[in-house]
Amino acid sequence: MQPVKLTIFGEYWDSQIYAGRLYLFGLSGDIITLDWDKLFEVFGIEEELILAASAAFQRSDLFYDSKRELFQDREIKQIILKKFDQLAERDLTIPNVESLNPKHQDNKFPFPHTDSQIYRKTLYVSSQSGVYSATCDKKTKNKHPVSTRTQKRWDAPVVAMSASYGCLALAVGDEGLFQMSLFDTAEIENLSNQNCIDCNWTYYSIYGSSHIRSGYLAEFEKENHFEDENRSYERRFRSLISEDTVFHGSGYSWGVHDKLCQARNGCVHIVRYKPWKKPDSELEYMGRLNLAQWKGQVISGKVASFGVIIECENAIVVLPSDDGDAITFPGEPVNWRIFPRSKHYENQLHIIYEDRIEIISFNHDYFVNQELKRAGIKVFQPN
Amino acid sequence: MAIVPTISVSPDVSYSHNLSHRDGTLKKSQWKIFNDEELLSFTTALKKKWLLSDVGWGLHFENKTPANLGVAQDHETLVFVAKFVNDKNTWHGYPADHQRNNQDIPPEQIRRKWLEAKVLPLPKIRKLGKGQPCSL
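Here the protein sequences come in this chain order: A and B. Heads up: the first sequence is residues 1341 to 1723, going by our numbering. Heads up: the second sequence is residues 18 to 153, going by our numbering.
Since the hints were made in silico from the structure, they are not lab data. The beta carbon of each residue, even a glycine, is placed where N, CA and C say it ideally should be. Mixed in with the good hints there might be a few duds.
What the hints assert, rightly or not - Chain A is faced by these chain B residues, among others (derived, beta-carbon under 10 Å): (1) T23; (2) S25; (3) S27; (4) P28; (5) T42; (6) K44; (7) V72; (8) R117; (9) I122; (10) Q126; (11) L139; (12) C151.
Unchecked claim - Partial selection, computed: residues in chain A whose CB lies under 7 Å from chain B: (13) D1377; (14) I1667; (15) V1674.
Stated by the list, open to error - Straight-line alpha carbon distances no greater than 20 Å define the calculated DMTMM-like cross-link-like pairs of lysine to aspartate or glutamate that follow: (16) A:K1448 - B:E125; (17) A:K1492 - B:E125; (18) A:K1562 - A:D1477.
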C-alpha cells in the first residue's frame, strides 16, 4: 500500500501537529498555525474516501481501535485497502498556505532552533542558548495559538529532546545526556557524560545516540505505588547499557519504545526491548534489513508504528512494518519529524524541503500483527 | 620555535595563524587551505559581521560557493566551518569540529545570518546546529 501525501508549499524550518492544529515555523521568523481539521475541507474529498482521509490524517487510532475481527474479513480488508489506494492517487496540494487563512505570530523562541516538542499542551523549543517553553492550549482564549510568554527552562546547548513520563530527555552534545523533570521539582539530572546528539524514550528508559562515541541505553526501573486508592509511580535510574552490549558491534544506534536499531555496514539491525523480562531475556534480536549504499551515511533514525525511519545523506528511507520494500524519499531535507506518542497522528511523517512540507501518512500498519512485527513500534490494541 | 607574525587587518583588529592547527598536532583540527585563504575567511567573517565579541565563525569560498577548509580532530573528517577566537585583541582560528565540541557549533545568531543570506543550504544549517554529520 502506498502512503498518502499532502503537500503545503512554502518555506519552513520545523513543524508540529497537536490537538487539531498544525504549527509551522516559518523561515522569516514567524509561527504559522493552521486548523488541521478544517484544512481538509478545501480538497472536497468524496464521501466514499472520507473515512480513509480521516484515518490517514486526523485519527490514526481509528482502525487500531477497531474490532480486529472486522479486518480479518478479507472483503472488508480489500475495501479499506482500496480506499487508501484511491486516496493516495489524489492530488492533495496546497500551493499557497495563505489560502487557508492561517494565524501568524512572531516566533519568540531562538531561531533557528535545534528541536521542538509539544507535551501536555506546552511547546518546548531547544537551542544552543537553552530550552524554552510556552503554552499552546487550544481551550484558552489566547489571541495567539502559542503563548507569547516564553519561559527559559535551562541554559545548556541542547541539540535534541524528547518528552515522556513527565520529563524531557535532553541530548547535549559533548556534555552528554540529561533528564529534566517538568513538574514537581524541575530538577535536572545528568544521566551520562558521553557524547549524545539524539535521545528517545524506550518505555520508561532513554536511549542516547551518538556518532562520535557508542550509543547507550540509560536504563530506569519503574515502581508503582498505591496509596489510598491513588496510583503513582517512581522511576529510578539503574545503569547505562552500551550499544555494544545490545548489538555486539558498533555503528549508529537509536531506540524508541520496544525497538532498538543500529545501522552498521549497510544494514539496520533490530532488537526488541522488553524491560519487564529481566535479567537475561529483555533483549531479543529480530534480524536485519538492508540499506542501499547510494543513500549515503546514516545521519539519524527513529522508529514509528509504521516502520523504521532512517535519514541518510541523500534520502529518507522508511523500512515499513509490513516487511514490504523500503520506501525512499530522495533528497536532503531541511528537517523531518514523526509523532510516536501522538494518539491521532502517529502514522504521519513530516518532511520539510526547501520549498514545501510533505505530510506523509502510512496506513499499512493497521493490518500488521503487532506482536510479531520487526520494523516498527508495537501499538497497544485493546481487546 | 617558529615566530608567527601578527597581521594587522585593520587599526584595531589583528590576526595570527596558529601553527598547531597546521602541523599535524594530535587532537587538533587542521587547516587544509593556505594561510592567505585562512586570512580571507577571517576578513570575510569580519566584513559580514559573523564575529561576536570574542568568538566568530567563517566559511571558505571557491567560485563563490562554500568549500571544505580543513579536517576535524580525527584528521579525517572534512569540515567547512572555521571558528575564530579573540585572544587579547589578536584573533586566530581553526577548523570547527561541530560534532565533537559544543563550542564549535555556530550559535543561532550566526546560523540565522547564514540562513537569511543563503550562504549555506538549509539542511546543512540544521545539521551544524544539531551536531550531526554534515558534508558539502
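Can the hint on I122 of chain B be confirmed by a CB-to-CB distance to chain A that is less than 10 Å?
6 Å, holds
If you take the shortest Cβ to Cβ gap from S25 of chain B to chain A, is it below 10 Å?
Hint on S25 of chain B: violated, closest Cβ of chain A at ~32 Å, above 10 Å.
Let me know if the C-beta of Q126 of chain B comes in closer than 10 Å to any C-beta of chain A, holds or violated.
9 Å, holds
Within 20 Å, alpha carbon to alpha carbon, are K1492 of chain A and E125 of chain B?
Since the Cα atoms of K1492 of chain A and E125 of chain B sit roughly 16 Å apart, the hinted pair holds (cutoff 20 Å).
Would you settle whether the hint for T23 of chain B is holds or violated, based on the nearest Cβ-Cβ distance to chain A being less than 10 Å?
Since the shortest Cβ distance to chain A is 31 Å, the answer is violated.
With a cut-off of 10 Å, does the beta carbon of S27 of chain B approach a beta carbon of chain A closely enough for the hint to hold?
29 Å, violated
Quick check on the hint: L139 of chain B CB to chain A CB, less than 10 Å?
4 Å, holds
Is it true that the CA of K1562 of chain A sits at most 20 Å from the CA of D1477 of chain A?
30 Å, violated
Would you check whether V1674 of chain A satisfies its interface hint, that is, whether its CB is within less than 7 Å of any CB in chain B?
With a minimum Cβ separation of about 4 Å from chain B (threshold 7 Å), the hint on V1674 of chain A holds.
Taking 7 Å as the limit, does the beta-carbon of I1667 of chain A come near enough to a beta-carbon in chain B?
Status violated, d = 20 Å.
Tell me if C151 of chain B is really an interface residue toward chain A, meaning its C-beta lies closer than 10 Å to one of theirs.
This hint holds: C151 of chain B lies near chain A, its Cβ roughly 8 Å from the closest one there, short of 10 Å.
If you take the shortest Cβ to Cβ gap from P28 of chain B to chain A, is it below 10 Å?
Constraint on P28 of chain B not satisfied, violated at 32 Å.
Hint compliance for this structure: hints 1, 2, 3, 4, 5, 6, 7, 13, 14 and 18 are broken, all remaining hints hold.
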